[in-house]
Amino acid sequence: MAVKGRWRLAVALGVVATLGVSGCGLNEDNNSSSGNSSSETVLRIGTTTDVSNFNPLQSLSKTDSWILNAMYPHLLRIDENAQKAPELAKEYRYEDDGKTAVFVLRDDFKWSDGKPVVADDVKFSAEKIMEYKLGNVAAKLTWVESVEAPDATTVKFKLSQPYAPFAEGVGFWMAVVPKHIFEPAGDLSKFANDSNWVGAGPFVLDSVTKGQRYVMKRNEHYPLAPGGKAAVSQVEYRVYPDVNTMMLALRNGDIDLMGTPVPISAAKTFEGDDKIKLEKVGALGFAHLTYNMKNKYLADQQVRQALSMAVDTKAIISAVLQGDGQQMAGPISPIFSEYDNTELQPYPFDPEGAKAKLSAAGYKDGNNDGFFDELSFGVACDQSNANITRVVQLFRESAAKAGIKLENECVERNTFLTRTKNGEYDIDASQWGVFDNPMDQLRSTYLSSNPGGINYNLLESAEMDALINDAAGTTDPEEFKTKIKNIDKVVHEQAYLTPLYVENFQFAYNASKFTGFVASPSDLLGMVTAYSLAQVTPVK
Amino acid sequence: MSAPVLTEPAPPSAPSASKRSSWYGYLRQPTVALSVLVLLVMVLMAVFAPLIADEPSGAGPDVLQSPSGAHWFGTDDLGQDVFAQVVWGTRTSLVIGLAASLIALALGTTIGLAAAYFRPIDAVATVITDVMLALPTLPLMIMLAAVVSPSVVTLTLIIGFFAWPEVARLIRSQGLVISAMPYIDGARVLGATGWRIVTREILPAVVSLMIVSVLLTASRAVISEAGLSFLGLGDPDAWSWGRILLNAQRSGTIAIAWWQTLFPSLAILLLVLAATLAGMRFNDSRDPRRNGG
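The listed protein sequences correspond, in order, to chains A and B. Position one of the first sequence corresponds to residue 1 (the working numbering), numbered consecutively onward. Position one of the second sequence corresponds to residue 1 (the working numbering), numbered consecutively onward.
I should point out that these hints are in silico values taken from the structure, not numbers from a laboratory. In this text, all values refer to a predicted model and were calculated from it rather than measured experimentally. Please note: incorrect hints may appear among the correct ones.
Said to hold, decoys possible - FRET-style restraints, in silico, Cβ to Cβ:
no.: 1; chain 1: B; residue 1: Trp195; chain 2: A; residue 2: Ser61; range: 44 to 54 Å
no.: 2; chain 1: A; residue 1: Glu374; chain 2: B; residue 2: Pro61; range: 35 to 45 Å
no.: 3; chain 1: B; residue 1: Leu269; chain 2: A; residue 2: Gly323; range: 32 to 42 Å
no.: 4; chain 1: B; residue 1: Leu140; chain 2: A; residue 2: Lys115; range: 23 to 33 Å
no.: 5; chain 1: B; residue 1: Leu157; chain 2: A; residue 2: Tyr132; range: 17 to 27 Å
no.: 6; chain 1: B; residue 1: Gly60; chain 2: A; residue 2: Gly516; range: 33 to 43 Å
no.: 7; chain 1: A; residue 1: Gly433; chain 2: B; residue 2: Leu157; range: 32 to 42 Å
no.: 8; chain 1: A; residue 1: Glu352; chain 2: B; residue 2: Pro136; range: 26 to 36 Å
no.: 9; chain 1: A; residue 1: Leu458; chain 2: B; residue 2: Trp258; range: 41 to 51 Å
no.: 10; chain 1: A; residue 1: Asn53; chain 2: B; residue 2: Leu140; range: 25 to 35 Å
no.: 11; chain 1: A; residue 1: Thr475; chain 2: B; residue 2: Pro61; range: 43 to 53 Å
The C-beta atom is built at its ideal place from N, Cα and C for all residues, glycine as well.
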């Protein structure tokens with residue numbers, strides 16, 4: 001007994017000693033690592049491609065904007081409820097019967113080299129955009145006659161005519177760049193801005209390894225972050241061209257957040273993974289089929305209406321989006337509820353009805369192959385967009401039931417973009433990314449002058465031009481809404497486009513390491529806006 | 001192309017018996033028997049695809065189901081049956097593989113034989129063949145496929161056009177050996193024209209090599225087709241194995257739906273392996289050094 005007892009004691013002591021030692025070891029490790037993490041936390045975000053243009057005034061790429069928007073402040077941002085919220089500007093107002101837009105800036109934004117962000121920077125950015133016609137903002141500054149900066153925190157845009165959504169559009173889209181860095185560069189349409197970055201957002205690019213990573217260091221002065229600067233000390237974008245790989249990287253802990261949304265079909269990947277959380281946001285654009293009016297047959301309203309009746313949008317939403325999307329009737333997304341004409345009903349899915357309509361309009365199936373002889377169209381789409389490719393596949397099958405022969409012309413992305421630019425398509429199946437207000441949307445999609453470059457209808461209609469220009473100059477809010485709803489109705493009756501759906505996006509992040517993201521709608525903004533990244537805190 | 005072989009005034013009885021026995025000997029090898037069986041099954045699948053499975057279309061409620069009795073190869077993210085997709089994909093893959101290899105064969109044999117017999121052509125043809133072989137084929141195919149609108153026909157033409165140099169080189173080397181043989185000199189002495197010598201005397205001697213090249217080129221063409229389709233440069237309206245893989249990759253289901261990538265990949269592997277083995281063994285069985293004759 002005694003011997004046994006002694007043995008037991010020895011073993012017990014041994015165990016305790018081992019535990020104690022290892023316990024200390026663990027504690028020490030914990031201490032050191034948490035000590036590190038409080039001063040040096042790196043948030044790693046997955047992106048799909050390299051930055052193509054570091055000049056924020058010029059770049060039009062979604063993935064570029066994720067990185068650039070964290071560096072260069074905008075006057076306004078879009079918050080989680082799709083409303084404009086103050087960012088660099090504290091407030092804005094119209095003066096002079098809507099002919100002057102005035103932004104009042106915050107006085108506590110600072111460039112990362114220590115200089116304050118002042119009204120002159122805003123004036124400089126706007127003037128250079130107008131001078132060199134940079135990016136998509138140039139079209140939004142069309143009415144600007146002059147920009148004034150009477151003091152360090154006031155910017156006045158003098159307009160040639162009142163334009164209701166001017167301040168919202170420019171405020172949200174225009175990046176503000178440091179005048180003292182960009183002015184010496186001269187011609188800004190040729191300025192690459194690819195080194196020694198100076199920004200006033202929560203993070204500023206520090207180093208770039210092409211094809212691999214973009215390292216951004218914290219800006220020590222960012223007033224919109226809770227502590228005057230972001231809680232995360234470094235943001236690192238890592239390039240994963242393939243979404244499958246990116247999802248695995250998130251699961252393995254190689255990244256903490258996916259910049260791109262998780263495809264709906266792949267959401268199951270993260271089922272049963274406690275660490276990974278999915279955050280759902282709405283869209284600011286929508287998927288659509290747009291008909292090229294330069295095509296002899298598509299110029300016929302009856303054909304466009306018949307095509308609209310040959311798309312089973314409900315089935316598309318339930319199959320392609322797994323039910324996670326909203327149907328639309330007119331061209332205005334339901335997210336802009338004040339402007340969405342709710343009296344409109346979507347065209348019903350009725351292939352037989354479509355067939356009857358076409359027969360009544362005089363189209364014939366002379367060779368009895370089940371298709372109307374003249375009605376054969378190509379549907380162009382971007383091969384890399386999984387959802388749209390699926391839509392085209394289903395659209396082709398359902399249109400065949402209505403006697404319309406469609407050819408799937410989903411091609412590689414760059415080819416698609418070139419074709420879209422040159423108008424080489426019959427039907428364009430694509431997705432509008434972000435419309436921040438309905439007026440800008442209608443102007444850029446239907447004006448003959450095509451100011452936004454996205455009049456995919458190639459529509460040249462004096463009637464639509466008149467309606468749109470009339471609405472644009474209307475300052476009374478109620479009258480403005482009525483006019484927009486009227487345009488909504490005309491577009492619907494003409495069936496210039498068939499709106500398909502407004503989808504939801506899901507973003508996946510590692511909730512065991514970071515929290516506090518403020519997600520905004522759309523995959524352009526999502527979880528990676530400057531504001532959102534500034535709010536993120538590491539989980540203790 | 002087979003006409004010259006039939007009209008060849010060869011001694012009839014003995015060779016045909018030996019031919020039959022060599023075919024028998026060829027097919028008796030287990031690897032060959034298996035390969036030929038696999039190829040036969042694939043061809044039958046392609047021909048009778050509509051009887052085996054409905055053409056995959058529409059969308060169903062059974063999304064991303066793993067393989068089961070109802071869906072042997074599982075379903076994809078639209079609820080379509082992967083088995084049906086693989087069966088219908090066999091059609092495109094085989095058609096493109098065969099047609100492309102026939103194009104390559106026609107081009108390659110013509111150029112190879114011409115080079116082998118007509119000396120002045122040889123210099124030019126060899127340089128062109130070498131240049132073609134040195135070209136980075138895949139990037140070029142990608143560029144071409146991106147420029148023209150993708151369809152089964154264009155894909156076949158592109159793949160066929162880039163596959164001929166190997167055939168040409170093979171046929172030329174064999175043709176050089178043959179054209180130096182005494183019976184060719186004999187034909188020339190008898191007054192045969194160059195055309196006649198090439199088509200009636202040299203061509204029959206390289207037929208077995210051509211059969212081998214068809215099989216090998218076809219298997220490479222199948223891989224090229226799958227590769228291009230996977231890169232999104234295939235015919236979007238025709239099911240092909242590469243397109244099934246592309247769908248899985250694009251919808252991000254590779255990690256969760258292994259069946260969507262495994263089965264089409266297996267089909268590619270099987271077809272290529274069977275064609276290559278059948279081709280190599282056929283080559284071996286025709287090799288006099290191996291057969292002692």
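Hints and how they fare:
A hinted range of 44 to 54 Å for the beta carbons of Trp195 of chain B and Ser61 of chain A is inconsistent with their spacing of about 60 Å. Between Glu374 of chain A and Pro61 of chain B the beta carbons are some 37 Å apart, a value that agrees with the proposed interval 35 to 45 Å. Leu269 of chain B and Gly323 of chain A have their C-beta atoms about 37 Å apart, which keeps the hinted 32 to 42 Å range intact. Between Leu140 of chain B and Lys115 of chain A the beta carbon distance is about 52 Å. The supplied range of 23 to 33 Å is therefore violated.
For Leu157 of chain B paired with Tyr132 of chain A, a C-beta distance near 45 Å fails the hint of 17 to 27 Å. Distance hint check: the CB atoms of Gly60 of chain B and Gly516 of chain A are about 41 Å apart, consistent with the given range 33 to 43 Å. Against the hinted window of 32 to 42 Å, the Cβ-Cβ separation of Gly433 of chain A and Leu157 of chain B comes to about 37 Å, which satisfies the hint. Range check, Glu352 of chain A to Pro136 of chain B: about 52 Å between beta-carbon atoms, so the 26 to 36 Å window is missed.
In this structure the supplied range 41 to 51 Å holds for Leu458 of chain A paired with Trp258 of chain B, their Cβ-Cβ distance being about 45 Å. Checked against the hint of 25 to 35 Å, the pair Asn53 of chain A and Leu140 of chain B passes, with Cβ atoms roughly 28 Å apart. Checking the proposed 43 to 53 Å range against Thr475 of chain A and Pro61 of chain B shows it holds: the Cβ atoms sit about 51 Å from each other.
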